[in-house]
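Chains C and Y, in that order, are what the protein sequence lines are. Using this note's numbering, the first residue of the first sequence is number 1, and each one after it goes up by one. Using this note's numbering, the first residue of the second sequence is number 1, and each one after it goes up by one.
Calculated directly from the structure, the hints in this document are not laboratory data. Just so we're clear, the structure is a prediction, and the values are computed from it rather than from any experiment. One or more hints might be untrue.
Listing some non-contacts, in silico: residues in chain C with all C-beta distances to chain Y over 12 Å [what the hints assert, rightly or not]:
#1 11
#2 67
#3 69
#4 148
#5 207
#6 239
To be clear about the criterion: a stretch of chain Y counts as covered by chain C if any three or more of its residues have a C-beta under 8 Å from a C-beta of chain C, and this derived list gives those stretches [what the hints assert, rightly or not]:
#7 51–57
#8 95–101
#9 111–119
Capping the alpha-carbon separation at 27 Å, the derived lysine-lysine pairs in DSSO-like fashion look like this [said to hold, decoys possible]:
#10 C:280 / Y:129
#11 C:280 / C:132
#12 Y:55 / C:314
#13 Y:202 / C:55
#14 C:8 / C:21
#15 Y:129 / C:277
#16 C:281 / C:242
#17 Y:55 / Y:26
#18 Y:317 / Y:280
#19 Y:242 / C:129
#20 C:55 / Y:129
#21 C:129 / Y:281
#22 C:55 / Y:208
#23 C:281 / C:202
#24 C:21 / C:324
#25 Y:55 / C:309
Built from N, CA and C at the ideal position, the CB exists for glycine as well.
Number of protein chains: 2
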Amino acid sequence: MNYLNLSKNELLSEKESLQKKYEDYKNMGLSLNMARGKPSSEQLDLSQPLLDSLKSTDSYLSDDGTDCRNYGGFDGIVECKHLFADILETEPDNVFVGGNSSLNMMFDTISCFMTASIYDDTLPWHDVKDRKFLCPVPGYDRHFGVTGYFGFEMIPVPMNDDGPDMDVVEKLVSEDESIKGIWCVPKYSNPTGITYSDEVVKRFAALKPAAKDFRIMWDNAYAIHDVNDTPDTLLSIIDECKKTGNVDLPILFCSTSKITFSGAGVAALAASPLNMKVLKKRLTYATIGYDKLNMLRHSRFFKNFDGLKNHMEKHKKLLAPKFKTVIDSLDNELKDAGIASWTNPNGGYFVSVDVYNGTADRVVELCKNAGVVLTGAGATFPYGNDPQNKNIRIAPSFPTVEELQSAMDIFCVCAKLAALEVLA
Amino acid sequence: MNYLNLSKNELLSEKESLQKKYEDYKNMGLSLNMARGKPSSEQLDLSQPLLDSLKSTDSYLSDDGTDCRNYGGFDGIVECKHLFADILETEPDNVFVGGNSSLNMMFDTISCFMTASIYDDTLPWHDVKDRKFLCPVPGYDRHFGVTGYFGFEMIPVPMNDDGPDMDVVEKLVSEDESIKGIWCVPKYSNPTGITYSDEVVKRFAALKPAAKDFRIMWDNAYAIHDVNDTPDTLLSIIDECKKTGNVDLPILFCSTSKITFSGAGVAALAASPLNMKVLKKRLTYATIGYDKLNMLRHSRFFKNFDGLKNHMEKHKKLLAPKFKTVIDSLDNELKDAGIASWTNPNGGYFVSVDVYNGTADRVVELCKNAGVVLTGAGATFPYGNDPQNKNIRIAPSFPTVEELQSAMDIFCVCAKLAALEVLA
Chain C
1 MNYLNLSKNE LLSEKESLQK KYEDYKNMGL SLNMARGKPS SEQLDLSQPL LDSLKSTDSY
61 LSDDGTDCRN YGGFDGIVEC KHLFADILET EPDNVFVGGN SSLNMMFDTI SCFMTASIYD
121 DTLPWHDVKD RKFLCPVPGY DRHFGVTGYF GFEMIPVPMN DDGPDMDVVE KLVSEDESIK
181 GIWCVPKYSN PTGITYSDEV VKRFAALKPA AKDFRIMWDN AYAIHDVNDT PDTLLSIIDE
241 CKKTGNVDLP ILFCSTSKIT FSGAGVAALA ASPLNMKVLK KRLTYATIGY DKLNMLRHSR
301 FFKNFDGLKN HMEKHKKLLA PKFKTVIDSL DNELKDAGIA SWTNPNGGYF VSVDVYNGTA
361 DRVVELCKNA GVVLTGAGAT FPYGNDPQNK NIRIAPSFPT VEELQSAMDI FCVCAKLAAL
421 EVLA
Chain Y
1 MNYLNLSKNE LLSEKESLQK KYEDYKNMGL SLNMARGKPS SEQLDLSQPL LDSLKSTDSY
61 LSDDGTDCRN YGGFDGIVEC KHLFADILET EPDNVFVGGN SSLNMMFDTI SCFMTASIYD
121 DTLPWHDVKD RKFLCPVPGY DRHFGVTGYF GFEMIPVPMN DDGPDMDVVE KLVSEDESIK
181 GIWCVPKYSN PTGITYSDEV VKRFAALKPA AKDFRIMWDN AYAIHDVNDT PDTLLSIIDE
241 CKKTGNVDLP ILFCSTSKIT FSGAGVAALA ASPLNMKVLK KRLTYATIGY DKLNMLRHSR
301 FFKNFDGLKN HMEKHKKLLA PKFKTVIDSL DNELKDAGIA SWTNPNGGYF VSVDVYNGTA
361 DRVVELCKNA GVVLTGAGAT FPYGNDPQNK NIRIAPSFPT VEELQSAMDI FCVCAKLAAL
421 EVLA
């Protein structure tokens with residue numbers, strides 16, 4: 001029954017019936033969480049052998065003979081650079097291996113450009129008083145947090161099914177020198193789960209920004225994170241930028257946070273020689289080098305890129321039924337009502353739901369009161385401001401399938417109830 | 001024979017004899033390194049069982065039940081906060097546990113204050129165009145590197161046997177609002193190995209800086225790093241600052257880099273609630289949390305502070321003969337000549353030698369040509385500028401005692417030779 005075609009009385013009756021269901025759920029005293037893209041305990045268990053991949057009796061030497069226990073090895077051990085080069089589709093020489101967090105490397109990259117100029121004739125961004133950053137929406141709240149912290153005015157750019165609206169991006173960056181960058185999750189985007197089309201990647205590589213020091217923060221967090229057997233493919237931004245000559249535009253990031261241990265993985269970035277020079281100048285003073293023993297653990301555990309991909313198959317097996325549960329619930333419970341739309345991604349960690357206009361915060365509130373925690377409404381927009389108050393990010397990875405089913409039952413009731421509060 | 005009392009002919013004859021010795025050493029084709037404070041392989045071996053302290057079959061839960069494999073635990077696991085609180089003599093609530101490098105945490109702290117103001121009515125330091133930092137000399141080159149990178153004018157402050165010359169420090173900070181901080185290695189100072197006296201610590205705690213946002217970077221890198229059985233003691237700067245009401249003055253740092261693995265240890269900082277608020281505001285955006293599995297490994301390996309101190313006894317046993325070798329060589333080979341002076345520290349990682357005025361760079365060059373690498377002359381001064389060109393930092397930890405003996409034999413010949421080149 002499509003709510004938009006119902007009479008006032010029919011709406012009221014439907015609302016009453018849902019209100020009852022909702023009260024029943026509330027009385028169950030559930031405590032469920034679909035807020036963050038946290039791997040489940042079962043997913044973490046997959047990497048348990050990693051803890052044994054470097055025992056006291058094993059060699060602590062990297063492939064080039066570095067004692068991974070001691071100082072040195074500034075930009076990462078050679079075998080780990082190879083592994084990340086494979087993930088990011090570039091050469092090991094372009095890779096810097098960091099600590100346990102790619103978010104941290106992104107933060108440090110922006111932090112670097114805040115006080116260091118990229119070119120002799122550009123300013124540190126701290127000195128660009130009206131500095132701005134493009135934020136495809138809905139997007140990743142922690143990205144927006146970084147540029148928000150550093151005082152950028154954040155300009156939302158609409159996301160389409162094939163990536164950010166490139167007409168908007170091209171127009172904005174060509175006109176405004178104070179726009180210094182854009183956040184991108186190009187594959188299995190957070191939260192919509194879409195992958196940038198070849199055309200979008202090519203248009204990114206062909207950008208002609210007014211700001212010489214404009215940079216694309218290319219967060220390839222889900223490069224190999226499929227959740228079904230029809231995976232997306234992403235064109236290499238590095239290759240495309242080589243063709244256009246814009247090699248300095250993108251800086252790429254990834255990590256093993258959603259491959260091995262979210263709290264104890266290894267992160268890396270890839271950048272052109274010019275960008276790397278600016279970043280390494282900072283890093284030379286910021287550290288003697290990141291944790292090489294953890295790099296060694298990871299390299300030994302995976303052995304090579306094939307080992308890494310095989311490992312991801314195991315994640316897929318655990319995640320597939322969870323994504324199916326979410327999508328099936330939405331299909332079964334919300335499709336007919338005609339008050340919501342959602343994405344059905346082939347990978348990543350999220351399903352993005354647009355509930356009835358103006359009701360996202362109410363849906364989150366209703367869910368919370370029934371024991372289901374969701375990412376805050378608006379979190380996927382800069383400043384937490386979703387102008388249509390409709391986008392909600394669902395993170396299916398952490399709960400069990402059973403918990404997820406309950407949480408989705410409640411979510412769908414809440415989504416309908418919130419819509420009926422407006423419609424009826 | 002005191003060179004300063006020799007006749008021209010005696011000097012020339014001594015020089016000739018040393019020149020011969022030097023050529024003999026050169027012909028040996030040695031390759032020895034006393035440049036950096038790197039633990040030896042034997043020292044790293046002491047922590048080898050740490051690699052087995054968290055196996056796949058062990059619990060991955062911290063004392064408060066946190067799954068250390070997953071996201072979360074922003075400021076460190078509870079048992080690790082306790083351990084660092086013991087080292088830094090403060091409460092766990094004042095501690096933030098970071099990644100593998102305290103240098104990195106110091107860099108991030110300065111980086112934080114570059115773009116974020118500490119008080120509502122103070123400026124981010126990037127906006128203080130004539131910003132300055134006090135640098136006790138001789139000091140730690142990597143400290144100076146950080147403030148040099150961020151464009152501070154670095155003002156050298158003389159080091160005495162009991163710490164920085166506090167008359168100079170007090171005068172400078174009380175007069176100049178653009179002086180934003182001072183670097184301190186208060187115990188077993190890098191490189192002189194002295195420990196700040198009670199009076200110096202009290203005077204630090206009683207400072208009345210013109211700059212409200214002046215901060216003491218208290219790098220307690222060698223808090224428990226004795227090399228003999230007559231250890232120094234250091235007054236708690238936190239306790240002293242409580243007495244004076246200056247609780248926001250110091251920020252403390254330490255790490256296990258010279259306790260477990262230099263490249264894969266755990267670092268921490270301690271700060272007052274106000275400082276912590278400013279730092280955590282940044283860290284909230286910079287990371288979801290540092291590597292908790294490595295924190296867990298360390299906590300399990302040491303069990304408690306007593307375990308940590310017992311472990312340091314083993315380091316002492318390995319380091320003591322090395323420091324003795326250095327001091328004995330200096331005593332035997334250089335004392336009579338009257339052209340050099342040095343420190344004889346009870347802990348830390350360095351012996352600081354003042355060779356004959358104006359010859360440090362020549363001594364380093366002579367050593368290098370005979371296969372002995374030293375820290376570059378001037379490295380212990382901001383901008384690498386030792387105005388008297390006399391200070392050389394000797395790092396005895398990495399070579400074996402035998403290698404060290406050879407290196408010191410050569411060093412002493414070179415120190416004498418360089419002096420004679422001037423005197424003769």
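Inset, instruction - Please flag the earlier hints that this structure goes against, numbers listed from lowest up. - result: 2, 3, 4, 13, 17, 18, 19, 20, 22 and 23
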